[in-house]
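Chain by chain, the residues:
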Amino acid sequence: MKQGRPLSPHLQIYRWPLAMVISILHRFTGVVLAVGALLLVIVLVSVAAGPAAYEVVRILVSSLFGQIFLVLWTVALFMHLFNGVRHLVFDAGYGFGIDATRNSGILVIVATLLLTVVVWSVAWLNGRFWI
Amino acid sequence: MHWWMQRLTAAVLVPIVVWLAFSVAMLGSASHEAVVRWLQSPVVMTLLMLLVVTTFYHTKLGMQVIIEDYVRGWLKAVSLILLNLICVLLTVVGIAALLKIVL
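Chains as they are written, first to last, in this note's numbering: chain A, 3 to 133; chain B, 118 to 220.
Hints listed in this document are in silico derivations from the structure and should not be mistaken for laboratory results.
All residues carry an ideal CB built from backbone N, CA and C; glycine is no exception.
It is possible that some hints are incorrect.
[As the list claims (entries may be wrong)] Okay, the calculated beta carbon distance ranges per label pair:
| no. | chain 1 | residue 1 | chain 2 | residue 2 | range |
| --- | --- | --- | --- | --- | --- |
| 1 | A | W126 | B | A151 | 17 to 23 Å |
| 2 | B | S148 | A | I15 | 25 to 31 Å |
| 3 | A | N128 | B | W120 | 22 to 28 Å |
| 4 | A | Y96 | B | V205 | 31 to 37 Å |
| 5 | B | S158 | A | R17 | 45 to 51 Å |
| 6 | A | A94 | B | V205 | 41 to 47 Å |
| 7 | B | A151 | A | I100 | 49 to 55 Å |
| 8 | B | A151 | A | G97 | 40 to 46 Å |
[Stated by the list, open to error] Listed next, the stretches of chain B that the computed footprint assigns to chain A, with coverage defined by at least 3 CB atoms under 8 Å from CB atoms of chain A:
| no. | segment |
| --- | --- |
| 9 | 129-138 |
| 10 | 161-173 |
| 11 | 178-184 |
| 12 | 187-196 |
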């Protein structure tokens, strides 16, 4: 192989395109939420099982670890939700083109962070949670 | 069919999920009594039953695509069967828990 030739792509200075990052995150958050759905059922079962079982779940969820987990859960949930809506718009035939997909991608991230902050502000103002 | 159901369940889940997030934020670390009282409201019970069914249907459809993309051979068949069993099981358990709370 000849030396000094330009290599393509330059992996060390390669920046992941936003569209790619969001696409990967959509799958990743989907799998995370599948596990989250299992936890939702566990919570429901604990409520059905009675106060003692529910108390265990309540203490776990109210712990610092539980709260951090819940924050990450809401981020994953809203990210998947907003990007899902973005995909529904794509399916309807709108929002194609490099600028449009980029802008909607940024919008997904902003909306995710915003709704996460709003929901946790409600929880915090309600005064029951740690964070 | 798969494609349409994935979109349909997504559209149904969007409002329910936003509603649930705010509801749980309002509930906070509520007592068992308060949570049961909340769950026993007909609107909450109906929405949560719809949520459980729709969530696991949507989960099944999404995970199925991921398995079909990355898993090959006999492991693929086993994974898909397991996926279906787990999703059906969790739907039934979730609905049963809700029924026990409301009845």
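Now for the hints, and whether the structure bears them out:
| no. | hint | result |
| --- | --- | --- |
| 1 | W126/A - A151/B: 17 to 23 Å | holds (18 Å) |
| 2 | S148/B - I15/A: 25 to 31 Å | violated (56 Å) |
| 3 | N128/A - W120/B: 22 to 28 Å | violated (40 Å) |
| 4 | Y96/A - V205/B: 31 to 37 Å | holds (36 Å) |
| 5 | S158/B - R17/A: 45 to 51 Å | holds (50 Å) |
| 6 | A94/A - V205/B: 41 to 47 Å | violated (31 Å) |
| 7 | A151/B - I100/A: 49 to 55 Å | holds (50 Å) |
| 8 | A151/B - G97/A: 40 to 46 Å | holds (43 Å) |
| 9 | 129-138 | holds (count 5) |
| 10 | 161-173 | holds (count 4) |
| 11 | 178-184 | holds (count 3) |
| 12 | 187-196 | violated (count 0) |
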